Amino acid sequence: AQSVTQPDIHITVSEGASLELRCNYSYGATPYLFWYVQSPGQGLQLLLKYFSGDTLVQGIKGFEAEFKRSQSSFNLRKPSVHWSDAAEYFCAVSVGSNYKLTFGKGTLLTVNP
Amino acid sequence: EPEVTQTPSHQVTQMGQEVILRCVPISNHLYFYWYRQILGQKVEFLVSFYNNEISEKSEIFDDQFSVERPDGSNFTLKIRSTKLEDSAMYFCASSEQPGGRHEQFFGPGTRLTVL
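So the protein sequences, as listed, match chains C and F. First residue of the first sequence? That's 192 in my numbering, and the numbers climb one at a time after it. First residue of the second sequence? That's 21 in my numbering, and the numbers climb one at a time after it.
Please note that a few of the clues may not be correct.
Stated by the list, open to error - Here chain F is said to cover these stretches of chain C; the calculated rule only asks that three of the stretch's residues, wherever they fall, bring their Cβ under 8 Å from a Cβ of chain F:
#, stretch
1, 236–244
2, 290–304
What the hints assert, rightly or not - Straight-line C-alpha distance at most 35 Å; calculated DSBU-like pairs for lysine-lysine:
#, chain 1, residue 1, chain 2, residue 2
3, F, K62, F, K98
4, F, K103, F, K77
5, C, K296, F, K77
6, C, K252, F, K77
7, C, K296, F, K62
8, C, K240, F, K77
Keep in mind that the hints were calculated from the coordinates and are not lab data. This structure is a prediction, so every number in the text was calculated from the model and none was measured. All C-beta atoms in this analysis are idealised placements derived from N, C-alpha and C, irrespective of residue type, glycine included.
Could you build the full structure based on these sequences and the hints that come with them?
Structure representation (structure tokens):
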């Protein structure tokens, strides 16, 4: 069955530390890949997306993600986390011409001062 | 910056009652979506809508649900007879173009509590 897995429910990092949030997908074809962030009381904001081409994509707020076809992964990274990055992060995929996004369960990021 | 808005932010209703959740998509967008997130679970697709008709819907979107674009700005989700299990955060989204390739812009959500 098609699925998106975010294995880490909750991650805590110290401010200034590096961050990697994991995302794996299970689809027959290469999907379109997205990372969204949700701050408390806010909607889902797109951080970055991958459609094709360079497998390392840059997004807003200093985030980047790397698509690895061999591992069916699209992990999100940031070299130095800021306290304002505390939020919930969702990986999402879409396949072909389907309208819908399929989301992972999300990873809650806590940033310690 | 244009944004998707949703009202109300929180709706409390009794089981069996009808609720209407409202969304105002970004003005030049033509494709509209509803998603929901039950507490502790994934964000799930409900329905997409274009040109006054449903483009795609999930198995969750049964006869109790309906969507409408009653005027040029609003996009609504109606639940005819709410059940306890309909308690969730409901997100509206819109996009300029269809399909997963194009960014969907999300509203802040409406938290629906069914008692």
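Okay, the hints, checked on the actual structure:
Only residues whose C-beta sits within less than 8 Å of a C-beta in chain F count toward coverage, and the stretch 236–244 of chain C has 4 of them, enough to reach three; the restraint holds. With a cut-off of 8 Å between beta carbons, the stretch 290–304 of chain C has 8 residues touching chain F; three or more are needed, and the interface restraint holds. Taken as a hint, the F:K62 and F:K98 pair is honoured in the structure, with Cα atoms around 21 Å apart against an allowance of 35 Å. The straight-line distance between the Cα atoms of F:K103 and F:K77 is roughly 19 Å, inside the 35 Å bound, and the hint therefore holds.
Taking the CA atoms of C:K296 and F:K77, the gap is near 20 Å; set against the 35 Å cutoff, the hint holds. For the given pair, C:K252 sits about 33 Å from F:K77 by alpha-carbon distance, which is consistent with the 35 Å threshold. Our distance criterion of 35 Å between C-alpha atoms is met by C:K296 and F:K62, whose separation comes to about 4 Å. At roughly 23 Å between alpha-carbon atoms, C:K240 and F:K77 fall within 35 Å of each other, so this suggested pair holds.
The structure is consistent with each of the numbered hints, conforming to all of them.
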